[in-house]
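**Q** The chain contents come next:
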Amino acid sequence: MEGRRPGGTEAEGGTFGVSAAVSVPTPLERRDWQAGGSGVGAVAARLLRDRRGALGTAVLVVLIVVAVFSPQLSPYDPNEIHLRDQLAGPSAAYWFGTDEVGRDILSRVMYSARPALEAGLLTIVLAAIVGALTGLVAGYRAGWFDLLIMRLWDTLLAFPAIFLAIGIVTVLGPGWLNAVLAIAVLNMPVFSRLVRASALATRNRDFVTASRAIGCSDWRIMLSHVFPSCLAPLVVQMAIAAPEAILVEASLSFLGLGSQPPDPSWGNMLGGAQGYLFRSPSYALFPGLAITLVVVAMNSFADGLQDAIDPHRVRGRGKAA
Amino acid sequence: MLTYLLRRWLALLPTLLLASVLIFAIIQLSPGDPVRMKLGTEATAEEVALERERLGLEKPVPLRYLIWLSDLTRLDLGRSQVNNRLVTTLVAEHFPNTLRLSIIAFCLAVMIGLPLGCLAAVRQDARPDTVITSLNSLGLAVPAFWLGLLLILVFSVTLHWLPPSGVGDPNNPWYLNLPYLVMPVATIAVSNLSVFSRFVRSAMIDVLGADYIRTARAKGVPEPGVVGRHALRNALIPVVTVLGIQFSRLLGGAVVTEAVFAYPGLGRLVVTSILNRDYPVVQGALMLVVVIFLVTSIIIDLSYAYLDPRIHPHGAT
Numbered sequence: 338m339e340g341r342r343p344g345g346t347e348a349e350g351g352t353f354g355v356s357a358a359v360s361v362p363t364p365l366e367r368r369d370w371q372a373g374g375s376g377v378g379a380v381a382a383r384l385l386r387d388r389r390g391a392l393g394t395a396v397l398v399v400l401i402v403v404a405v406f407s408p409q410l411s412p413y414d415p416n417e418i419h420l421r422d423q424l425a426g427p428s429a430a431y432w433f434g435t436d437e438v439g440r441d442i443l444s445r446v447m448y449s450a451r452p453a454l455e456a457g458l459l460t461i462v463l464a465a466i467v468g469a470l471t472g473l474v475a476g477y478r479a480g481w482f483d484l485l486i487m488r489l490w491d492t493l494l495a496f497p498a499i500f501l502a503i504g505i506v507t508v509l510g511p512g513w514l515n516a517v518l519a520i521a522v523l524n525m526p527v528f529s530r531l532v533r534a535s536a537l538a539t540r541n542r543d544f545v546t547a548s549r550a551i552g553c554s555d556w557r558i559m560l561s562h563v564f565p566s567c568l569a570p571l572v573v574q575m576a577i578a579a580p581e582a583i584l585v586e587a588s589l590s591f592l593g594l595g596s597q598p599p600d601p602s603w604g605n606m607l608g609g610a611q612g613y614l615f616r617s618p619s620y621a622l623f624p625g626l627a628i629t630l631v632v633v634a635m636n637s638f639a640d641g642l643q644d645a646i647d648p649h650r651v652r653g654r655g656k657a658a
Numbered sequence: 002m003l004t005y006l007l008r009r010w011l012a013l014l015p016t017l018l019l020a021s022v023l024i025f026a027i028i029q030l031s032p033g034d035p036v037r038m039k040l041g042t043e044a045t046a047e048e049v050a051l052e053r054e055r056l057g058l059e060k061p062v063p064l065r066y067l068i069w070l071s072d073l074t075r076l077d078l079g080r081s082q083v084n085n086r087l088v089t090t091l092v093a094e095h096f097p098n099t100l101r102l103s104i105i106a107f108c109l110a111v112m113i114g115l116p117l118g119c120l121a122a123v124r125q126d127a128r129p130d131t132v133i134t135s136l137n138s139l140g141l142a143v144p145a146f147w148l149g150l151l152l153i154l155v156f157s158v159t160l161h162w163l164p165p166s167g168v169g170d171p172n173n174p175w176y177l178n179l180p181y182l183v184m185p186v187a188t189i190a191v192s193n194l195s196v197f198s199r200f201v202r203s204a205m206i207d208v209l210g211a212d213y214i215r216t217a218r219a220k221g222v223p224e225p226g227v228v229g230r231h232a233l234r235n236a237l238i239p240v241v242t243v244l245g246i247q248f249s250r251l252l253g254g255a256v257v258t259e260a261v262f263a264y265p266g267l268g269r270l271v272v273t274s275i276l277n278r279d280y281p282v283v284q285g286a287l288m289l290v291v292v293i294f295l296v297t298s299i300i301i302d303l304s305y306a307y308l309d310p311r312i313h314p315h316g317a318t
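Respectively, the protein sequence lines represent chains A and B. When we follow this note's numbering, the leftmost residue of the first sequence carries the number 338, and every step to the right adds one. When we follow this note's numbering, the leftmost residue of the second sequence carries the number 2, and every step to the right adds one.
So that you can see chain A by itself, here it is in the shape it has in the complex (with noise of 0.2 Å):
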């Protein structure tokens, strides 16, 4: 129960938050898989053997492109009013057709790839640098800020993460940036107990003694002797992460607190779609198609990472655990 949140946003959220325990491995695991090359280079060459990993990969690519040149390769601008084509089915003129004001929700969908994936990798760096910090300090140090930290996280993880993320978000104000900043803190107990987990079994091997002997400082011990180890696991969540943290996201975007409008996003997109169902059944179909493309090349991009790091995983646990 260790790895990622059980359970998510809710059932529903199942979506975010899913299960697949991301095991802290034992010193004797780590070992096994660095035995088997644990170089950048050796995991991209696992991961693109894989088939899964190979088309999360090659579907993620395509995202990236598309989010960085939509620009160029979107047939209008996202914001682009055409009053008398509301809420038009797809054609030649607007393939994936217009929403209420007419607007190319084809542009719209290949704008708003670029928040998501911002929104995705923002918060997973934002709770991987938090998690990190403070479950190293928690794991290596013990004491009195292990045991407020890991309470502070326990608190947190009583909270559905949805409505976690909706009470950060009416404070700080609906938006963007604060639905990143919400979703980041729900992430951020997961990784902190992940480091926390690989610091305790790290503490106490002779290298770390060995260091502390020669005195280097509980800092440099911490950043250069401990976190090393725990760097695949941290990997590996971020990876996890980063689709559910699109998802909520979405949520959020969805409900009103997230992306606003006039910003093209997936969310606000099927919020507004939601009004015209009966209209233009065409208006809800495609950001929701967007957004669930993102999230499985996504989700086999992290299968596949996770058995690449740890190519041991295979045999013993079956692939996508």
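Source of the hints: derived by calculation from the structure; they are not laboratory data. Wrong hints could be hidden among the right ones.
Claimed, not checked - Reference excerpt, derived from the structure (chain A facing chain B, CB under 8 Å, subset only):
no.	residue
1	379
2	488
3	492
4	503
5	504
6	507
7	512
8	514
9	607
10	609
11	612
12	614
13	621
14	633
Every residue gets a Cβ at the ideal spot worked out from N, C-alpha and C, and that includes glycine.
Since the structure of chain A is already known, use the hints to place chain B on it.
**A** Leaving out everything else, chain B in the frame of chain A:
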């Protein structure tokens, strides 16, 4: 056993206390003045001052927290600042809707997810496993609100089979209101059953590789017995943990699903109250959500001892 139980309940207190501080803090930090929200922009300064006095908003924050806390222990959650109804009544009205939705969706998800996960584990890497695993990744990736919208598109807009929103007329006999539950239940069940079956699969694969399974097979236990009695029973412990956590999250309200179907449950109550800056309702509902979650976690722990006699609750924490 009794002392263990007592200890577990006592251990809840600090977490509950911290949660109450957090909930109180979130509300205090929220922008916007509830009095202004209530009285509107036309109110005079005296009216505002009087109302603040009446609501006790003039007192210092720590004192207000203590007052709130002591009221809370007496289950006095105050009144809604929007419609002046008792918070307990509001929660009591909305919670059964969420409870009904959660229980049905949860049972459905378990009944489908558990066998699917077992099947995938037993036929690991064969066709059934591939199909189930792919469906699971799809089920996990589809946003609940989009799935809900798609269901409405198909069953309400196109086929006219089901009502798109609401819970129906409370005066009707219950079976007439059942159609209102179908789509919300399906929406919630889909992602949950993907979680379950994925988790059951990995837990089962772990167990199926164990020595005692080989022993059981070697001594000639028929395969269904191996899977059912030896493997499943041992795989259940992690599975029950996930089931419990998922269920308590469900009870917290399926915020997004409830929003899609305009379903008057706990999640919707919290969201609308936040938008209306109706603090007492938000505080009360959130507190309930946290309590449910913590109590469920204790029940899960206790169920371990029942599922696996090797685990003694005294030793396990």
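**Q** It remains to establish, for every hint, whether it holds in the given structure.
**A** Structure-based check of each hint:
1. The closest approach between the C-beta of residue 379 of chain A and any C-beta of chain B is roughly 24 Å, which is over the 8 Å cut-off, so the hint fails.
2. With a least beta-carbon distance of about 7 Å to chain B, the hint placing residue 488 of chain A at the interface is held under the 8 Å criterion.
3. Here the hint on residue 492 of chain A is kept, as its CB sits about 4 Å from the closest CB of chain B, short of 8 Å.
4. Because the closest C-beta pair between residue 503 of chain A and chain B is about 6 Å apart, less than 8 Å, the hint holds.
5. Interface restraint check for residue 504 of chain A: the shortest CB-CB distance to chain B comes to about 4 Å, inside 8 Å, so the restraint holds.
6. With 8 Å as the threshold, the beta carbon of residue 507 of chain A comes within range of chain B, its nearest partner Cβ sitting at about 5 Å, so the hint holds.
7. The closest approach between the C-beta of residue 512 of chain A and any C-beta of chain B is roughly 12 Å, which is over the 8 Å cut-off, so the hint fails.
8. The beta carbon of residue 514 of chain A comes no nearer than 16 Å to any beta carbon in chain B, farther than 8 Å, and the hint placing it at the interface is violated.
9. At a threshold of 8 Å, the smallest CB-CB gap from residue 607 of chain A to chain B is about 6 Å, leaving the interface hint in force.
10. At a threshold of 8 Å, the smallest CB-CB gap from residue 609 of chain A to chain B is about 11 Å, leaving the interface hint violated.
11. Using the Cβ-Cβ criterion of 8 Å, the hint placing residue 612 of chain A at the interface with chain B is not satisfied: the shortest such distance is roughly 11 Å.
12. About 6 Å separates the beta-carbon of residue 614 of chain A from the nearest beta-carbon of chain B, less than 8 Å, and the hint is met.
13. Because the closest C-beta pair between residue 621 of chain A and chain B is about 5 Å apart, less than 8 Å, the hint holds.
14. Against a cut-off of 8 Å between C-beta atoms, the interface hint on residue 633 of chain A holds, since the closest Cβ of chain B lies about 4 Å away.
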